[in-house]
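S.K.: Model the full assembly from the supplied sequences, consistent with the hints where possible.
Listed below, chain by chain, are the residues.
8 protein chains.
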Amino acid sequence: TRRGVPEAILAEGKTAAEVGALAATAVETTGRALVTRADDERRAAVRAAMAEDHPDADVTVDERSRLVVVHGPAFEAPELDATVGLVSAGTSDAVPLGEADAVATEMGARTERVEDVGVASIARLLDRVDDLRACDVVVVAAGREGALPTVVAGLLDAPVIGLPVSTGYGHGGNGEAAMLGILQSCTVLSAVNVDAGFVAGAQAGLIARRIGAARGE
Amino acid sequence: TRRGVPEAILAEGKTAAEVGALAATAVETTGRALVTRADDERRAAVRAAMAEDHPDADVTVDERSRLVVVHGPAFEAPELDATVGLVSAGTSDAVPLGEADAVATEMGARTERVEDVGVASIARLLDRVDDLRACDVVVVAAGREGALPTVVAGLLDAPVIGLPVSTGYGHGGNGEAAMLGILQSCTVLSAVNVDAGFVAGAQAGLIARRIGAARGE
Amino acid sequence: TRRGVPEAILAEGKTAAEVGALAATAVETTGRALVTRADDERRAAVRAAMAEDHPDADVTVDERSRLVVVHGPAFEAPELDATVGLVSAGTSDAVPLGEADAVATEMGARTERVEDVGVASIARLLDRVDDLRACDVVVVAAGREGALPTVVAGLLDAPVIGLPVSTGYGHGGNGEAAMLGILQSCTVLSAVNVDAGFVAGAQAGLIARRIGAARGE
Amino acid sequence: TRRGVPEAILAEGKTAAEVGALAATAVETTGRALVTRADDERRAAVRAAMAEDHPDADVTVDERSRLVVVHGPAFEAPELDATVGLVSAGTSDAVPLGEADAVATEMGARTERVEDVGVASIARLLDRVDDLRACDVVVVAAGREGALPTVVAGLLDAPVIGLPVSTGYGHGGNGEAAMLGILQSCTVLSAVNVDAGFVAGAQAGLIARRIGAARGE
Amino acid sequence: TRRGVPEAILAEGKTAAEVGALAATAVETTGRALVTRADDERRAAVRAAMAEDHPDADVTVDERSRLVVVHGPAFEAPELDATVGLVSAGTSDAVPLGEADAVATEMGARTERVEDVGVASIARLLDRVDDLRACDVVVVAAGREGALPTVVAGLLDAPVIGLPVSTGYGHGGNGEAAMLGILQSCTVLSAVNVDAGFVAGAQAGLIARRIGAARGE
Amino acid sequence: TRRGVPEAILAEGKTAAEVGALAATAVETTGRALVTRADDERRAAVRAAMAEDHPDADVTVDERSRLVVVHGPAFEAPELDATVGLVSAGTSDAVPLGEADAVATEMGARTERVEDVGVASIARLLDRVDDLRACDVVVVAAGREGALPTVVAGLLDAPVIGLPVSTGYGHGGNGEAAMLGILQSCTVLSAVNVDAGFVAGAQAGLIARRIGAARGE
Amino acid sequence: TRRGVPEAILAEGKTAAEVGALAATAVETTGRALVTRADDERRAAVRAAMAEDHPDADVTVDERSRLVVVHGPAFEAPELDATVGLVSAGTSDAVPLGEADAVATEMGARTERVEDVGVASIARLLDRVDDLRACDVVVVAAGREGALPTVVAGLLDAPVIGLPVSTGYGHGGNGEAAMLGILQSCTVLSAVNVDAGFVAGAQAGLIARRIGAARGE
Amino acid sequence: TRRGVPEAILAEGKTAAEVGALAATAVETTGRALVTRADDERRAAVRAAMAEDHPDADVTVDERSRLVVVHGPAFEAPELDATVGLVSAGTSDAVPLGEADAVATEMGARTERVEDVGVASIARLLDRVDDLRACDVVVVAAGREGALPTVVAGLLDAPVIGLPVSTGYGHGGNGEAAMLGILQSCTVLSAVNVDAGFVAGAQAGLIARRIGAARGE
Ligand SMILES: Nc1ncnc2c1ncn2[C@@H]1O[C@H](COP(=O)(O)O)[C@@H](O)[C@H]1O
Ligand SMILES: Nc1ncnc2c1ncn2[C@@H]1O[C@H](COP(=O)(O)O)[C@@H](O)[C@H]1O
Ligand SMILES: Nc1ncnc2c1ncn2[C@@H]1O[C@H](COP(=O)(O)O)[C@@H](O)[C@H]1O
Ligand SMILES: Nc1ncnc2c1ncn2[C@@H]1O[C@H](COP(=O)(O)O)[C@@H](O)[C@H]1O
Ligand SMILES: [Mg+2]
Ligand SMILES: [Mg+2]
Ligand SMILES: [Mg+2]
Ligand SMILES: [Mg+2]
Ligand SMILES: [Mg+2]
Ligand SMILES: [Mg+2]
Ligand SMILES: [Mg+2]
Ligand SMILES: [Mg+2]
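Protein chains in written order, with this note's numbering: chain A, 5 to 221; chain B, 5 to 221; chain C, 5 to 221; chain D, 5 to 221; chain E, 5 to 221; chain F, 5 to 221; chain G, 5 to 221; chain H, 5 to 221.
Relax, there's no trap hidden among the hints.
Lysine to aspartate or glutamate pairs mimicking EDC-like chemistry, simulated, CA-CA at most 16 Å apart:
1. C/Lys-18 with A/Glu-67
2. H/Lys-18 with F/Glu-67
3. G/Lys-18 with E/Glu-67
Hint data in this document are derived by calculation from the structure and do not stem from the laboratory.
M.R.: Next up, the structure:
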């Protein structure tokens, strides 16, 4: 685990057998495993590998976000005195936002989810601003036209990381408009790549770690 | 003048002499001339051509929007019973928004400008919603990340036309992010091309004409 | 239903179970449901959900356009005194044109279909101009090189919305040439994204609503 | 002169001195010179080079098309019994269409110009169809959305070559939409690159040569 | 059949039933049918439709080129006194070259195939130049880097049409490098879109028709 | 000054007069001005505007970074207990890195510059790792292939922000390769747009502010 | 076998039967066969074809790299006195690196593999520099941001060939960032296309052949 | 001088004063200077800097290739027993080919220029094959459609490096078609970026150095 960031196994593009084996190795060497973009078959393979090699491990599956988190029996979860906010417009942003949440949580941060606050109905977002003002760093997922991170950053003092999501079809579809919109934002933002929930969560986690450490100084 | 839309002369890419001559011809054949994207030299050429050929014509220059409008002495301005709203985030949107305003005005619509309402400070926009609710059709200019048309359309009942503006640098610069963001909008919008203020204003004018005619039925 | 636009459920990318449940919820909360891009399995799921939860609902399936429209027993269809024209070159434009038709109809507009009038045989289009001149706003679908909206807008006084369709292969295929051609049109047009029949129909519906309201003033 | 196609000197990107020298060499070795995309300075350089080295040569300058054609005293112009049609929407297509005309003429074909027949006013084009039906091969220039070659090819029996022109701004500007539209045409067409008037005229000339030869068999 | 070009039915993206029905209709209305990009299932559907509706029709299947040609009993094949050359580098160019061959043949031209003459072994191409010099117009298919049409056009007097083929992977793959290479060719060429064998063959057929007609004058 | 971020005036694309006036206004309303991308003429205009309107203001010009910073007499600089690292490969990265430095400094952070440590000579970078380990957040500028942020992030615990710089020519030039490389990094990074030194510095400043505040809790 | 480079059969996009037949022909005409990108079915087809036509042939299958190498009984492997280095960051680069290895080996070069040395952990790479300094030419595979070839070339005297690999998702995914990064490298490198392991290995083999021959002079 | 490759100063984008100073420093520290892409003013600045600081230095200017090479009095030119071939189609390739020549020469290789052998006249290339067969490694410059490296590599045993040149306009212009064509080549080639003559020459020099060393073993 470099920089406190858990080694993640991207299940997509690997066989179920490979994913199971990699997860078992991760538990052995780092005490835990984080598997992303796992379908039914690959999730089952992780469970099976644990049943065989690490029967005492704690296995948590998040179907909606296509994630598996495994904690070996000896694993001691880190704890940070800092909060990561996680914002999205709707259900299609669930997978990358869930990845970001899982990574930040694994790094020991508290997380706060603010969902269903798309810019088409600005009032719903304004209702949740106080929850967001309590966060130390905020990840904002954005599909389609990707306007949400810009609007959120205009309302907050904390650093905001824009996470474009591969929704949308036609010109600028698959997250391209969202990616470019975040890079062009008229507010101060940094960006990660399309669907890179893992990176967004880990970058937020690194910031939270530094803030948590400062609180403890 | 097809469809009530004034013939416009795009000064960019033409010599000053050509622009002057074309403007004179337009006044002769249609009673007026609308010259867009005209620098100092081309604006002077239009004035000179009018001084010579149409000394009684009424020449109006809008430096900020780089426009010249000429009405021949016999020209009778049309009048429509409908209002076109024109929204922008800031000064960089002035040229295309000014073009849209000029065309809609030439077509006889009333126009209502709502400026400096960028999404980075959402409160300024909310303050102006009532002005916008009084419009029959709204053109929203959008540079950088192009979020403004989406947010405006979420607040209104009237049809909204997104007008991307060629601001911004780097990836998605020159209006590309704004163009794609408008095409991907999660609210209902139609779009015109980057910096196509003339087209946006004319399309709004056509809609206003139809509404004005219906009011008069 | 924002702005009179029915909430639509885009079936593509959702499971059959999700689509059925979302349709049932829509009927409950808004009195109707409009499901787009639904294959056999998802259409069946909507029927099944209605059989169970809303046995009195009226379910209409349009296979060619891959649409399902559901009206709950208490739903009162709106009616507008305005006509939306819907033009296409041929059969490949059927899905997005059908979506546009369904949305405009759901918003209460009258619709007029003019099909099989591709620019390769200009005479067939000229034969139908009178039908189009009776419309208040016209959506023109355009695949391949996307020339049809430009030619139609040159023949009409009403506002025209170009709807690019993802036909064609090779360079500029999948609707790219059509999209760019509409944005570059030498007539006045506004555009929606490739295959965004829902957006085109809704924008036409918003314009029709304003015209219909003006007629009633 | 390969394939009867005159060697052309593209003046753009060369110094005036280089252009003058290359033109003089061309007259020496092939009896003529064809200089394209020449500004005032480069046109003057060609005149000067001829005044010095080939005082008996016949120098024709076409300012609008930025061309210079030089025939040495001994040059015998070829003559073909075939006609090349040359169609355009308006004045912005003048440079590439003029290049096409010059090359076809230099190859010995008769040429027929049909101008100002853009698709926004289809009636003007229909008025000229008989002139075009008399041609053996037709080059159609197309800026902006590039619809004209498709419409023309739908009206004729002869082969049509689409010549995209670098007009237009924003998305698909600089001839991109026109290029893609020609490649996606729903009628049978072949294409040359953006602004490649020389290539279009030469390809039409090669076809005309073959037809002329067949007439003479 | 516009311009002598047979109506072709692009089987890709249509159901087997639709393809069979369209083929039957084509035989009824034009005396023949040309079906392109047909897999086993769609080829069988055409056979079945003919067995039922046109038992006397002549059905020819070309598996390698994925084509079916049907001639109704009354169909009289046209005949042109002109030859179309068809050149390719290797087996991957077979489908589009076969389409070009079929269309030119259906239009009545003689065709001459010159295959396996890729530029990596220039000697094999030079061996076949005399065969190509006997052709009136030549279609050259080109995958990967698309150099072949340029080299062929440098060796011939006849007009050459470049046909890019969607081979290759990585940057410039799927025919993009070939398409751009043909448009940038340093010899005189015209182009059709990637894999547009039908268009290349039809354009060559239109040229051949004009030459054949001239021979008969 | 939103979020403690100074309002910056992007001099590029504005007239010298406009830049001078905007700077004077900024000093009036926020106590300071930060002018970026200012050439000689615009820098002189700022000096002149200050001489006239704010003769007591403190004007600092950084020619290499094309920046002007103005502090009005009453301005009290903020101070943060946190350090921003600023890394670059060489002189071409100076302008955006200088912008980042100026903004972070204006926000009150300490800054540490580590320059001339390009990946082509990895030893020079390794020599400076200890300096970087002392920073709380690090901005890494990257032109050409953009490898430096990835290598730096692999060596540090602190969050790293990649800042692509518009060097390089040919494919991937103007910062495109660097932008994409940062988004694809195999280490955890967030990104800003090409040449967006202002944004990178402001995002680092926001993070530093949060850390500094935590240290003070 | 041109230039000592074995004819390779790219199995992807060919039927199993075709691949088997092509392999048999290759063994007949050149004494060996090299089949790349072969899945289970195509690998089995090669085995079967050999069992039938060349029962004495030596068949080697490399599953991880999806390769089959066949040596006929009479084949005499070439031998070169030169070493090709083969470097990669991790397991995802295995297929193209394996292709490069196979081709260089078939050309007679010695090969040296240096794997798992990604730039995120620069120390692992530095540990292997001595192994690389013993090579005459080095192929470096690079997915994601493609920084590895640049860093390696900065450490070596031998020529380095960058081989981009199609890993990564979102902007710059599928090897695009790696391709552009190699072309923009701030060290001296040449490049092959994305995933073109065959080409990289063959180019390295050609260089090794020349060096080996020089050693033997 | 890393890897024997001279440090080159890219004059483009630097002031004349900077270029003069950098050249003087290079002579001081490495004994020589290589200045590329230098216009008149920058070439004069190098001469002036040498006149002042290094009056005994040997200054060679190559106007056509926009290069200056300076050798300090103590500089001892390296010498390699190996030959680099340098091939181009015509005069537009002169600048990058000249850069490649200068670098290879500075590294001590013998160089052999083969110019004016474009693929449009294949016979001229075939006449020069023997000269090329005597080379150890060959750089082939390629503008427009970029076919020349592919054809040359098909004729030679030595490794070939393709160097795309930024000629051509329209689609695929500015070297894009050439770049993609080299990457897609159906022969074995490696590539450098568009106009990267310095890199091509240095990579050829590195290969030549290794071959020369092997000859001396
Ligand atoms: N065919 C369609 N094309 C474009 N937008 C659609 C379509 N169908 C539904 N929508 C829109 O997409 C939204 C649903 O998005 P989602 O939350 O992903 O289901 C709806 O509110 C509609 O505005
Ligand atoms: N392989 C092909 N490539 C290009 N165009 C084709 C092809 N096959 C058929 N076509 C054309 O596509 C038209 C049919 O389009 P559709 O209405 O979608 O079936 C026909 O009229 C042909 O002109
Ligand atoms: N160099 C820069 N890069 C990016 N953004 C900048 C830069 N300088 C100023 N800005 C931002 O651009 C805004 C000014 O935009 P404008 O209204 O066009 O002057 C400021 O509020 C800053 O947030
Ligand atoms: N994996 C590969 N990558 C790139 N080129 C390959 C590969 N395998 C084979 N080839 C080349 O592709 C040619 C075969 O192309 P084809 O005629 O389509 O089978 C061979 O001559 C090889 O030069
Ligand atoms: Mg959103
Ligand atoms: Mg905006
Ligand atoms: Mg169409
Ligand atoms: Mg509209
Ligand atoms: Mg080829
Ligand atoms: Mg042609
Ligand atoms: Mg950040
Ligand atoms: Mg090489």
